[in-house]
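*Asks:* Could you build all of it, start to finish, from the sequences and the hints given here?
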Amino acid sequence: MSVLRLFTGRTASAPVARERLQILLAHERSLRGHPDLLMQLREEILAVVSRHVVLDPDKVIVRMDRGKHVSTLEVDIELPNGADRAFASAG
Amino acid sequence: MSKVLVVTSGKGGVGKTTTTAAMGAALAQAGEKVVVVDFDVGLRNLDLVMGAERRVVFDLINVVHGVAKLPQALIRDKRLENLCLLPASQTKDKDALTEDGVGRVIHELRKTFDWVICDSPAGIERGAMLAMRYADEAIIVTNPEVSSVRDSDRIIGMLDSKTVRAENGERVEKHILITRYDAGRAARGEMLSIEDVLEILATPLLGIVPESQDVLRASNVGCPVTLNSPASAPARAYHDAMRRLLGEDVEMQIPSERKGLMNLLLGRRAA
Chain A
1 MSVLRLFTGR TASAPVARER LQILLAHERS LRGHPDLLMQ LREEILAVVS RHVVLDPDKV
61 IVRMDRGKHV STLEVDIELP NGADRAFASA G
Chain B
1 MSKVLVVTSG KGGVGKTTTT AAMGAALAQA GEKVVVVDFD VGLRNLDLVM GAERRVVFDL
61 INVVHGVAKL PQALIRDKRL ENLCLLPASQ TKDKDALTED GVGRVIHELR KTFDWVICDS
121 PAGIERGAML AMRYADEAII VTNPEVSSVR DSDRIIGMLD SKTVRAENGE RVEKHILITR
181 YDAGRAARGE MLSIEDVLEI LATPLLGIVP ESQDVLRASN VGCPVTLNSP ASAPARAYHD
241 AMRRLLGEDV EMQIPSERKG LMNLLLGRRA A
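These protein sequences, in sequence, are chains A and B.
Mapping the first sequence onto UniProt numbering, position 88 (from 1) lands on 88, and the numbers just tick up by one.
Mapping the second sequence onto UniProt numbering, position 177 (from 1) lands on 177, and the numbers just tick up by one.
Incorrect hints may have been included.
[Unchecked claim] Quick list of in silico lysine to any residue cross-link-like pairs, SDA-like style, CA-CA up to 25 Å:
hint	chain 1	residue 1	chain 2	residue 2
1	A	K59	B	Q72
2	A	K59	B	E108
3	B	K162	B	S147
[To be verified] Chain B stretches covered by chain A per the calculated footprint, using a threshold of three residues with CB under 8 Å from any CB of chain A:
hint	segment
4	56-67
5	220-229
Everything labelled a hint here was simulated from the structure, so no lab data went into it.
Remember, predicted model here, so these are calculated numbers, not experimental data.
Ideal Cβ positions, reconstructed from N, Cα and C, are used throughout, including at glycine.
*Replies:* Written as structure tokens, this is what we have:
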């Protein structure tokens, strides 16, 4: 195969496919017990934040990037003006 | 004017998801605003073929149920900024989709996008019905093979009776896309010819996509074949099909068999 690749100048795509599948399936299998984990996390994070500031649920963006070793859950909450003062009084 | 396009077939494994990704990317490259929507609830794969599987947070069902807003669930393609994906749910079952809910989502998508491309699941069950329900146009993906042609005929019947357009006395514009076409086998008479397929289905042809390793390679790396290898035969076929869909008159190329060295030496005629 490697000799063939020398001539065709192509790198095989199957290893890429294998790695993508391994990462994806590892995540899907781990979530099989509680499929709504992500949703639950979001709800609880929002509940904690909204205990201190008023937030608009439409201004909350949740992004996910599932990696091989670590995944990132990014919760981007846009706070209305004056929210910092609310923080200070709450704290 | 926005258009809702369903990519359907009845039979599984004929190339619906590949076609949705390739046509979606080709239309987006032509400057159209495109969203591809996966209707295969429980067995989603469009995210994988589009290379967005690591970025799925919300899905179609979440939007239908009001758990997430549409802009939160749409995943913007990293390569083409006017191409978005709305994934299916992997965990819910297909009964989670309601006709009204899907109708609301499609209605909202129409406001933002020029093309709403619905990737239908195989079969003729609820998911497939809902994928075609609000369609203005349909691509029926067909392989030149008896069971695929039979299932396509069944799907054509459903497009003519079970869609909102059909119920209002209007027509869903239907196009046949022949995929996995093997010129060599067709020349040897081992595969239904294009003329046979079109005669049986009595529906106009949108394009002929040859069987190719480039399609497999594209899905391996998670990139629509029209972006991953634009010069390849399947990418060119999808590109031509896209132009026909936009109303251009593009000459139909019937893929021909590449002559092998032995054939050339023996002076055999390939096609």
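*Asks:* Against each hint, give a clear statement of whether it holds in the structure.
*Replies:* Quick rundown of the hints versus the structure:
1. Among the hinted pairs, K59 of chain A with Q72 of chain B is consistent with the structure: their alpha-carbon atoms are about 9 Å apart, no more than 25 Å.
2. Taking the CA atoms of K59 of chain A and E108 of chain B, the gap is about 18 Å. The hint holds against a cut of 25 Å.
3. Distance check on the hinted pair: K162 of chain B and S147 of chain B sit about 22 Å apart at the alpha-carbon level, within 25 Å; holds.
4. Coverage of a stretch by a chain is defined here by at least three residues with a beta carbon nearer than 8 Å to that chain's beta carbons; for the segment 56-67 of chain B and chain A the count is 5, and the condition holds.
5. For a cut-off of 8 Å, the count of residues in the segment 220-229 of chain B with a CB near a CB of chain A stands at 3, and the three-residue condition holds.
Of the numbered hints given earlier, the model fails none.
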